[in-house]
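Trainee: Protein sequence lines, in the order shown, are assigned to chains A and B. If you're matching positions, the first sequence starts at 1 in this note's numbering and goes up one per residue. If you're matching positions, the second sequence starts at 1001 in this note's numbering and goes up one per residue.
Rather than coming from a laboratory, the hints here were simulated on the basis of the structure. A quick note: this is a predicted structure, and the numbers were derived from the prediction, not measured. Some hints here could point you the wrong way.
Derived lysine to any residue pairs resembling SDA-like cross-links, with alpha carbons at most 25 Å apart [claimed, not checked]:
| hint | chain 1 | residue 1 | chain 2 | residue 2 |
| --- | --- | --- | --- | --- |
| 1 | B | Lys1086 | A | Ser36 |
| 2 | A | Lys8 | B | Tyr1413 |
| 3 | A | Lys156 | B | Asn1083 |
| 4 | A | Lys156 | A | Ala106 |
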Amino acid sequence: MKYCSSCKLQVVNDTTLCPLCGTSLTDGENTPCRNSYPVIAESFYKYNFLFRLFLFLSIVAATVCLIVNFFTAQGGHLSWSIIVLAGIAYVWVTIAYSFRGTGNFATKYAVQVLSISLVLYIIDYYAGYAKWSVNYAIPFFLMLATFAITFLIIFKRVNRHEFLFCQLVIGAFGLVPLLFFPLRLIQVAWPAVASAAYSLLTLAGTVIFADRYVRHELNKRFHV
Amino acid sequence: MGTKMIKSSQMNSWRRLDNSARIFPAASSVTTANVFRLSCVLREEVRPEALQQALSDVIHRFPAFNVRLRAGFFWYYFETNPNSPKVSREELYPCAPMNRRENEGFLFRVLYFGNRISLETYHALTDGTGALEFLKDLLCTYLTIVHPNIPLLSGWLDKPASPNAAVLEDGYNKIYKKARGFAPFTRRAYHLHGTPLPFTAIKVVHGVASTQKILAVAREHGVTVTAFLSSVLIWSIWQEELKGRPSWSPVAVSLPVNLRAIFDTNTALNFFECIGVGMQFNRSGITFEEILKVVSGQLAKELIKENLSQRNAYKVRLSRNPILRGFPLFIKNLVLRPSYRMGELTATTALSNLGRVELPKEYAAYAENFEFILSPTESNAIKCAVCSYGDRFTISFSSNIEQYHIQRAFFRYLTALGIELTLETNYFYDNKPVASPKGRKHKQ
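For reference, chain B alone in the conformation it holds in the complex (with noise of 0.2 Å):
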């Protein structure tokens, strides 16, 4: 057994989790997926072979992709995945909770259905812009496969095989600067309620508008689009919910914000930070335009650099502590579960807004429309993510309750505007998919 003999190329590489995926493989179970989906819809049937073609292509170029989760002593790890991983019809409800064992230990299912190629990712491996650039990717190369004669002129796809390593540069521990300070204090949320669904089955409404016109409607009030969807989402629950009465508990949502364009660095990993936009109820009779200034008033003072950098010290000071880093993994995993639950109470919902997706040119035409969905939680029953591709903007919600009475009221709120909508759902009355208790054998 000489050292000779040992190839390098067997050591398998490993890095560590960057310092918000940390927290995922601690608090996921299988009420809490922590798996959000890209998809988009193309203008033709999918073909199943070629799709795995490029995804085995592809994979060797996003090594934050190529990667199966460990458990160390004192912290996970991710280790080059040596397995290659395999596309698959879809079957489940959409973010089912990733299994460890299920696709070869990676954290990710490529999916087809009809004219929709989807990619689940779990949270651990990047952010909603992370897999965009995997997504995007996957989709040129599968596109060239299937259509020969596809200029390649962009540049796209001549990405080096091996990637400098700053595209797993962990994005926190770069920006991080000392501050003193906590983290700010937020009060527990008002929850939803509803009759919960079958385990893992998750309800999915796309609310598909125009860009231009959503753009003008947020312009006529003053806000951004993420403001001015923000307010509408906490009217919605607040004359739903609480119907329009006033309430002690804050109606708020959770708003990932993208850091690397505020901070000018680009990552292949996790670099978001979630701020809070909530309004308290402390009487009734307050006006949407009133929820409007609040909500933009918050943003704008959250978004600051200095805000987010300071949030970002004091998370990046924990991890960093001596003490708590010596601590062996199960005790921290007993630390982190509550705490993420204890995060979670400070949100009403969430809503992700992806922003522009836009292919190189030469693509563009093969794609109808891109879709963004998030995994509902315990106490987070419904989340709304957005994304827009052209003209086509999309609203998702998705929930793991029964009842559709803020996403109805969210979108006649927006009709009501004059916003045309195309709605699309995966559950609906007369073709309700229903878990059986006694299911048959089910493949994977």
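Okay, chain A solo, but in the shape it has when bound (with noise of 0.2 Å):
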């Protein structure tokens, strides 16, 4: 060991001065010395420079793709680069919110499809709007996306408890087409009603025969 001749203390560091004031240590006890804490020599929050690389060049995409449609465009109206913008985000919030957020699953899947559907909204209006979107691609599009909870609940055994929830939100999710009535946005009407009837037979499905995980489920994440 070391000695301090201005604290009069003992140093067990294996060092030449004082960790406490600086002053050139003396020999101590004749016990060794040693460091017991590992030297961290490096930073603890990577400087990810293929991250700053996406997001630079995101930005000067989404820039590149606005001027330019704005200056060939007749009358100065951005179509194409909006889709292009909404295809940026829906990436990027896969990445940093899908990826690598720290939510639970049901809330990503439900972020994924409220994304997925808003982009192909997004697609159809800027591409002429024929309305096949609303039509056709969004009921089809959650009447899938709550088949695929359906069959992981089924057949893969792990996490049931996790898609459970999932199940009930993404349901709900499928009853969304109904409202694309009122709101005139639609001139077919079977595939929203058979996505809001799919939806809500799987509902009943798993209220039914889960009751009791069901019930379990919302008073976990529901607690007051």
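Work from the hints to combine the two standalone chains into their complex.
Mentor: Structure representation (structure tokens):
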């Protein structure tokens, strides 16, 4: 051990200066010196160059698209550049939230379903607005999303409790196309009705067959 | 998807956070880790694979630790963690912020480095006393794996696999008695100044003294060890930071008190209450004896059961208020975060006394010392944690500023009283760890 004559105490570390006052240490008690903590020479936060590069390139791409679209379109009406912007935004939501975020599976799944529906609508709107998204694409996509979770609950044996809550949330989403009627968004009725009916059946099935489970999950996530 | 297909084991059990724990997920950040470390220095080098085996055994006996944190709509909750925790080699500064994605969602780390086994716990799980039980059990299990010849006499490791509900009881709710009145108003305290260290870097200085000697010195002054050490801390801050001049803001020390003994409740969750002792330096020339008298007077007053019960009643009443409970979690967080900060502003520093650590005698010879470290925060840049093991009394300062002036004054005051000290640190002049701005990829 070493000894500091200013602080009048022994120092265990293998060093030449007193950690407290910087005085030169002399030899102390006849026991070996040791450094029992790791030396940390690196930053905790990695400087993620790739992340920064992609972020910068996204902003560059979005700006270039907007400018080119503005000066080439007739009357300065933006069209295709908005679709590009929506695509870039979707990719970032996926990377930053779905892959790297701390949210649970149900929320992440719900956010994905919502953003894909939104992207579909934006593509439709800025590519002539033939209303294929609200008439067909979104109802069918919601049905697919509901079915995917049912499939996972039945065939994937782990994490059922996680998917079950998701099923309830996505089931509720499937009812949304019914709102397209009062909003006068759609001309074709049967896909929206089919989506709502399928959701209703799934919700009913979930509550009837997994009532204990549903109660447990709701209790857990909504306890006051 | 019949009901029979759903096995009850798949229904992850969950529990509410205890009344103290609720604030931590809302208030924690990179600069406010709310992580504390308990470590044991063995007399031999740690064997990682045996430690891993011990951890895998022990985790099932500690439901308070075997959880992950989830956000519900109104409150956070703990859910049984289906994964298994891993031990890792110590590579970061002590008490690094807990990342919810790190270590399979567990809110604690078991680290090894040389002879030291460290348990770093997120404060939402439990307090120092609860974590010490876990570390002791882990340690004894580890030692029986490494030394199969240790006689298993003490009945330490035959705790039931599924502990009774009392272990996971919220002590605050249990002792709650209806009472009027609010938490006592406390003035904003003086705050320490210094050059901040890089993010998450903390300086740790352990000063090891003889327990007998410290007890004798405290007795000489006619006060408890906690009162004596708090007074030395207040004195050091006044002399070093304020140069012994009068100050408008008081120098205050926040002291966590273990409520288990006082209220006769043995819970594995948080069960502590922070009380404040402080000195208003309204004139110069105040002597150490005056501080000692004021501090031990305040301690005696605050530690009365009724006073602690009154503080608790206010907090439990808040958490039971039907209107407040109905706000969604993100709104609660918006309120809890600043209120935690405001609470912290009432203290200059914190001093936590874990008390005496004891191991069953079959194991005691293998352990050299126990250490206790708190994580400093923005407004409490230096914190002090104390524990004793046998005749080793370890005072550990942790700080997130460059300066060592308070620690130096504190230790010099003790040595001047004839207390022999041995110093150990993680951050010294010729081997100073530097966080480089262009750090390479950090392995986790």
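Trainee: Determine for every hint whether it applies to the structure shown.
Mentor: Comparing the hints with the structure gives:
Simply put, Lys1086/B and Ser36/A have alpha-carbon atoms about 22 Å apart, close enough for the 25 Å limit, and the pair holds. A distance of roughly 10 Å separates the Cα atoms of Lys8/A and Tyr1413/B; the hinted pair therefore holds under the 25 Å criterion. Under the criterion of a C-alpha separation no larger than 25 Å, the hint pairing Lys156/A with Asn1083/B is consistent with the structure, at around 17 Å. Restraint check for Lys156/A and Ala106/A: satisfied, since their Cα atoms lie roughly 16 Å apart, inside the 25 Å limit.
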